[in-house]
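Asks: Generate coordinates for the entire structure from the input sequences, incorporating the hints supplied.
Protein chains: 2
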Amino acid sequence: MSAQTNSRVILNKYIPDNDFSTSYYSVDSSQPVPTAESLAPGQVLIKVDSLSIDPHLRFFAAESNPSIYRYELGEAVYSIGVGVVTASKSDRFQPGDIVRSDQFRWADYTVVDEKALDKMPSNDVPPSTYLAYIGVAHFGKTKQGETLLVSAASGAVGQIVVQLAKARGARVVGYVKSLGADAVINYKTCGDFDKAIKEAAPEGVDVYFDNVGGEFLDAVLLNLNFGARVVLCGTMSTNGLDRSKVYGVKNLDLLVTKNITINTLFYALLSGSQVETDFIAEVSELAEQGKIQLKMDVRNGLESAAPALMDQFQGKNFGKVIVKL
Amino acid sequence: MSAQTNSRVILNKYIPDNDFSTSYYSVDSSQPVPTAESLAPGQVLIKVDSLSIDPHLRFFAAESNPSIYRYELGEAVYSIGVGVVTASKSDRFQPGDIVRSDQFRWADYTVVDEKALDKMPSNDVPPSTYLAYIGVAHFGKTKQGETLLVSAASGAVGQIVVQLAKARGARVVGYVKSLGADAVINYKTCGDFDKAIKEAAPEGVDVYFDNVGGEFLDAVLLNLNFGARVVLCGTMSTNGLDRSKVYGVKNLDLLVTKNITINTLFYALLSGSQVETDFIAEVSELAEQGKIQLKMDVRNGLESAAPALMDQFQGKNFGKVIVKL
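The listed protein sequences correspond, in order, to chains R and V.
Mapping the first sequence onto full-length UniProt numbering, position 165 (from 1) lands on 165, and the numbers just tick up by one.
Mapping the second sequence onto full-length UniProt numbering, position 242 (from 1) lands on 242, and the numbers just tick up by one.
Read the hints as simulated data drawn from the structure, not as lab findings.
Don't take each hint at face value.
Pairs count within a copy or across copies, as identical chains cannot be separated in the list.
[What the hints assert, rightly or not] Pairs of lysine to any residue residues, derived as SDA-like cross-links and limited to a Cα-Cα distance of at most 25 Å, are as follows:
#1 Lys-141 / Asp-54
#2 Lys-13 / Tyr-24
#3 Lys-143 / Glu-199
#4 Lys-258 / Asp-54
#5 Lys-141 / Thr-5
#6 Lys-115 / Tyr-267
#7 Lys-195 / Val-111
Note that this is a predicted model, so its numbers are computed, not measured.
Replies: As structure tokens, then:
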């Protein structure tokens, strides 16, 4: 009996600016599925269940990308994914465990180091849930009766932030009411940010989950309560801007007088910690009760991954894009 | 035998702007020392050993002060102090304990609630040591071989920050070389902050103890290493400025890409926690070895307190001002 082949999406050439063709990628089936014996200590073999397809992956493949976050040519590309462990040389993971990582190869099977893996409650829970949980629960310490404000609440992480905070009994101010937020700020139409936040959160903000930074963050600082927690997830408003043109934040002195804490979401540093255990316990229950949902645009099969990525640059997606294998 | 009297410094009238006379204060000896029996649950009676005399105390007494941080007329004023417990209705404190608080009345004896009290290793250790310790050790997590940068290193807190960080084996960049800093930045003469920091800390900064904020903080952000910790203690550069004139910080997006944590020093929230226990253990040893020193301008007796305060506005002090009782 011949070994099962492992289909993989390979990047063959870096992509020039303004090109959204999928021709730079190909599906290669020339290699067998890695065997349990071939794993190095600490490595885990995973059958891929789903892949998260996000716009920044186009940057990882870009000709003009000068950073260390760039795919190798001739290698399988990678993104966030969820899957089931089939073999393990790690003490933390057993066959059958459901895991996530941002190091999933676009392939039927992927090998990931234990350091980059987190356990998940089930494969029905979107992979971004862990990031949202760390922000809402671990750093945000969001409690019953508090007010959480999330910018870009319609994004893959933001949507889950709203739901986790609601489940914890918080009042939630976001951008998308249909998800269960109690009040909505439309940053495009609201005019004065400070005024809009005061109207939406007259009791002040206890937790701010920031996806945008810049001028909106500056206005939020004016509205934070004593002891508030700021969680920085993204900096959408300043991404890619020349540093001299970036909005300067003026209200940082309020961090001191209001005793504000700021943390960023590097979940990889929390792998294997108590946070992960708490996450499994809290989110498993919410998932069973159907309280965690994400508007998703699900595509099927490995060959749909590159087209799913390029569709996002042409407005052809309808919510968070996932490829199911 | 009549009860011992408790001399206290009373504020009789709020002080007009530009007035540095000590005539607004008087020493009152009409009241007895509080008895153990008179303490409410949680209260602690302390024999005052020394008082910290800092410029902001003038603001607490100012006619033009609109804030809640304003002394009551006819009452004893207060500041940071260190003393010895003589009676206690708190489970945390016993007679003989050496304690500090920012709620010490200027008096022979003061009554302070346990919530505002911290234990001290000895009364030779300056009261600002606890603040410096929380920044360097608890939030800063300063380790052997790391680089700590402290702005305003010559201040009462900054001086101790330098010494605690050196004792932990860190490379220290500050403003005052004589205290043991390995490199010095003179923010008044260095010109370009970013360039000056790069020269003083070519290996990058792991812990930044910030007393100034604003433009210097912005330049530090460019020089922080991955996983660095920022501790905000003061905002000297923007204090009292109209918010529209404050320097806008542009480099906050680096908090996300570099996984930076920001905390502020509200020590009162850590009273009675493990941090306090760790502080006593680490600093007791350093104090015994003579590794904690502070350039001090020591005045003697309660009647020297108000003059010591006003002297600071006329350049008549020589380092950190302390009144010994």
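Asks: Which hint numbers does the structure go against, in order from smallest to largest?
Replies: 1, 5, 7
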